[in-house]
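Take a look at the letters that make up each chain.
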Amino acid sequence: MEIIDILLAASFWEAAIRIATPLIFGVLGALICERAGVLNLGIEGIFTAGAMAGWMAVWLGAGLWGGVLVAALAGGFFGLIHAILTVPLGLSQHVSGIGVTLLATSLSYFTYRTALPDVSSPPRIEPFRPLDIPFLSDLPFIGQALFSQTAMTMLALVLVLVTGWVLYRTPLGLAIRAVGDNPSSVEAQGLSVYGLRIGAVVVGSSLMALGGAFLTMSAFDAFFFGMINGRGWVCIALTVFASWRPGKALIGALLFGAFDAFQVRLQTEVGAFLPSQVFLMMPYILSIIALIVVARKADYPKALLVPWFKGQR
Amino acid sequence: MIRFEPRSNPGPLLVYGVPVLAATIAILLAAIPLALAGAPIIQAYGLMISGAFGSVFSTSEMLTRATPLILTGLAAAIAFRAKLWNIGAEGQLYMGAMAAVAVGSGVIDGPNWVMIPVVIIAGMAAGALMLIGPTLLKTRLGVDEVVTTLLLNFIVLLFVQMMLEGALKDPMSMGWPQSEPIIDSAAFPALLERMRVHIGLIIALVSAVALAIFVKRTVWGFEIRAVGENAAAARFSGISVTKTMILVAALSGGLAGLAGVSEVAGTRGYLATDLSPGYGYAGIVVAMLARLSPIGVIASALFVASVFVGADSMSRAIGVSSYLADLIVAMALLCVLIGGFLTRFRVHFDRKSAQG
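Protein sequences, first through last, are from chains A and B.
Per numbering that gives the first Met the number 0, the very first residue in the first sequence carries number 0; after that it's consecutive.
Per numbering that gives the first Met the number 0, the very first residue in the second sequence carries number 0; after that it's consecutive.
So that you can see chain A by itself, here it is in the shape it has in the complex:
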């Protein structure tokens, strides 16, 4: 198979969009937090919590969308912890985020192990099925690549539009962006800096958790230990790459998904010459390269990482 053949196959793009989906949720979540001035390194743990909580809710009998809701609530809960520590208390966003990741991961694993003490093969749920939209799914190429995804992928794509619209077209979005750039100006307008920041972190964290939930409820049908495997951290890198814009976040996630899908296919071709680990390293190497490329012109929200206290000028 030639490289061109790989890129022209609808199944390749279907896989690329599928791989990109959790990253879209994650980058949108990270972007909302950071736009409000709060770096959320809890993302890796929040992904794990979303994956576990969503899966477990469905396993215990909730509907699939009930599971999505539970995952979002779990993400919001850990986001609230991070928000309280970093916003009114102004503690180190780096350390608090790592703490939230450790807490969310260990709590998820502990809960899973407590609920299922001695299972060797994880129990399966009936996950989201690929949509079968009349007409659209039957289109050649696009139909398979884009319209035969699960509802969660559609949700992710819609959320890109919603996030972009809220951030750039509503007063709320203006306030969120301002609170990440110049919080004192927001206070001067009589808005609550704490309220905006806490709200943004909680909502952003809920979105991150959906990325995890996608993995257990849409891409796979079970929860595994270590299944997040750095996806959350990749989202943090992609957020910088996207210069905190939802549209670019989508492009970044899709490029990433395409690359990942491509290397899997390439591996079957040239796998005999290169160790499999070289391919598995690529997403991380790619993330670092992306950071280096955009670093010089990265336009960080000016108040990112900077704690702000009431009454401060």
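I should point out that these hints are in silico values taken from the structure, not numbers from a laboratory.
Careful, some of the hints might be misleading.
[Said to hold, decoys possible] In silico SDA-like cross-links for lysine to any residue, where the CA-CA straight-line distance does not exceed 25 Å: (1) 168/B with 158/B; (2) 242/B with 276/B; (3) 309/A with 167/B; (4) 82/B with 247/A; (5) 309/A with 340/B; (6) 247/A with 136/B; (7) 309/A with 12/B; (8) 168/B with 289/A.
The structure displayed is predicted, hence computed values, not measured ones.
Position chain B relative to chain A; hints supplied.
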């Protein structure tokens, strides 16, 4: 309304008492998941304590666990002091371990007073290089070191896996991806007969004391603190921030690499991909519990190690998930963060309605 008022001068009781209190609260909070898991709480805590301190063997295990934690804790403490957010100690540990195995499994041989320093230097150099790269990217190009050091953990672990299936693979391992064993002359001698605790512990303790002296008593240590407190002011007063950062990176990465050397040469004897159960990440907790004090790192590493060993043996005895240990450690980190806040600020509750 709640108001926070900065404390002008927190007393020593507050400074040293708060981390102890935070650790205690984290342990007590663990009663909630224990109860939810249906475990007998009092008995569980008893088993946890005897699991870490009940016998010479269990204390030796605890000290064996504490050894890499002291080193990764020091690695995080020195880096965080300079506000170099090194989250990559896990990867630096594996690089250190891999370098130690590369030179210490029979390529060269000599008496142990030669070989032990050789593996230590190789491992520390490898760990240091792993952090100097991201640090240069940070100081030269402004690439956030948090993300690069984190991502490098994954890259290194895959690289280790690749080497263990390739150049470093032990042909006698029956197909398991593990390295050849460290030769006897490069292995860290045990401290107690028939126990696992080894001279890595002494090396770690000496490192902590040396680092404390370095930070407090040398010009370099002063510059590191100055850069950490206010990089712009440090630059203004003629300190080269880049040079200081690279020095910090070499120290921090070197210490994390040393943790890896100590694990392969002392505890494990060979390299495998499960060498570290997350010592690099736990080092961050250790450093924070110690409030970034090198001597404090010793105490907090002992605490974290006893939680790990104690909770492990408790979970085996009564069948509670061993992830409880990670849970306690995570809660300790968050508690000590809040505790750190309460040492710096006094909390006032204003009752507006009562006044007005």
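Quick rundown of the hints versus the structure:
{"no.": "1", "hint": "168/B with 158/B", "result": "holds, 13 Å"}
{"no.": "2", "hint": "242/B with 276/B", "result": "violated, 33 Å"}
{"no.": "3", "hint": "309/A with 167/B", "result": "violated, 57 Å"}
{"no.": "4", "hint": "82/B with 247/A", "result": "violated, 30 Å"}
{"no.": "5", "hint": "309/A with 340/B", "result": "holds, 16 Å"}
{"no.": "6", "hint": "247/A with 136/B", "result": "holds, 23 Å"}
{"no.": "7", "hint": "309/A with 12/B", "result": "violated, 29 Å"}
{"no.": "8", "hint": "168/B with 289/A", "result": "violated, 33 Å"}
The structure shown violates the earlier hints numbered 2, 3, 4, 7 and 8.
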